[in-house]
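Participant: Single-letter residue listing:
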Amino acid sequence: GAGVSQSPSNKVTEKGKDVELRCDPISGHTALYWYRQSLGQGLEFLIYFQGNSAPDKSGLPSDRFSAERTGGSVSTLTIQRTQQEDSAVYLCASSLVGTSGGRGTDTQYFGPGTRLTVL
Amino acid sequence: QKEVEQDPGPLSVPEGAIVSLNCTYSNSAFQYFMWYRQYSRKGPELLMYTYSSGNKEDGRFTAQVDKSSKYISLFIRDSQPSDSATYLCAMSGFSGGYNKLIFGAGTRLAVHP
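Chains Z and H, in that order, give the protein sequences. The opening residue of the first sequence carries number 2 in our numbering; numbering runs sequentially from there. The opening residue of the second sequence carries number 185 in our numbering; numbering runs sequentially from there.
Mixed in with the good hints, there may be bad ones.
To be verified - Computed beta-carbon distance windows for the label pairs:
#, chain 1, residue 1, chain 2, residue 2, range
1, H, 191, Z, 71, 39 to 47 Å
2, H, 204, Z, 15, 39 to 47 Å
3, Z, 53, H, 239, 35 to 43 Å
4, Z, 29, H, 224, 26 to 34 Å
Claimed, not checked - No farther apart than 25 Å at their CA atoms in a straight line, the calculated lysine-lysine pairs in the DSS-like style are these:
#, chain 1, residue 1, chain 2, residue 2
5, H, 284, H, 254
6, Z, 58, H, 186
7, Z, 58, H, 284
8, H, 284, H, 186
9, H, 251, H, 186
10, H, 226, Z, 12
To be verified - Reference listing, derived: stretches of chain H covered by chain Z, where coverage requires no fewer than 3 residues with Cβ under 8 Å from a Cβ of chain Z:
#, region
11, 224-236
12, 284-291
The hints are simulated quantities; they were obtained by calculation from the structure and are not laboratory data. Where is the CB? At the ideal position from N, CA and C, for every residue including glycine.
Please build the complete structure, drawing on both the sequences and the hints.
Facilitator: The following block contains the structure:
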């Protein structure tokens, strides 16, 4: 079946411009996550959506970053006034349930990422 | 200090070698431990998942968790060139209503023929 898809795969922008990154999760998955992967830094959690609940935005690095999820499916991560330090791979993941009541964890399936370069 | 520490490598081994990958962590609340494999220009994919302490084996892969030492390992037996990838450890504990994953930096592994 179809996995998580992200677009664009690559994005080059100039410092100060706004960018929008898109994520299409696996159909039926209620939880959606955004991560940032910088060179040699591992994955940094940005934001988590679960159904109709208020998102967990605790990982967003500044107020230039925002994300929304429309209709419980597609998500868009927006970075305003981009800076060179925003250059990274932005990964989206989805999972079936998200919350598990502490009884276990459900698998996060990742998309291929969007490679953002800010000149 | 990071919550999860992982040596970024790179680690280069000959085909057929046994590979040992490790992570240490500081948060004793972590209960779930995972290893993800990430090929170049791809997203991570779940390789192994372990709950609490103990060992888990899946084919050529064995995951070990030692909660008393806050140390986890992934062993790859009879390594193959197709195992060349970045291996990320990840762990989580139930907090804030869900299991948030905390990742290590990843170890780059190269298996040469």
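Participant: If a hint holds in the structure, say so; if it does not, say that too.
Facilitator: Checked hints:
no. : hint                      : verdict
1   : H:191 to Z:71: 39 to 47 Å : holds, 41 Å
2   : H:204 to Z:15: 39 to 47 Å : holds, 44 Å
3   : Z:53 to H:239: 35 to 43 Å : holds, 40 Å
4   : Z:29 to H:224: 26 to 34 Å : holds, 29 Å
5   : H:284 to H:254            : holds, 18 Å
6   : Z:58 to H:186             : holds, 20 Å
7   : Z:58 to H:284             : holds, 12 Å
8   : H:284 to H:186            : holds, 15 Å
9   : H:251 to H:186            : holds, 17 Å
10  : H:226 to Z:12             : holds, 16 Å
11  : 224-236                   : holds (count 8)
12  : 284-291                   : holds (count 7)
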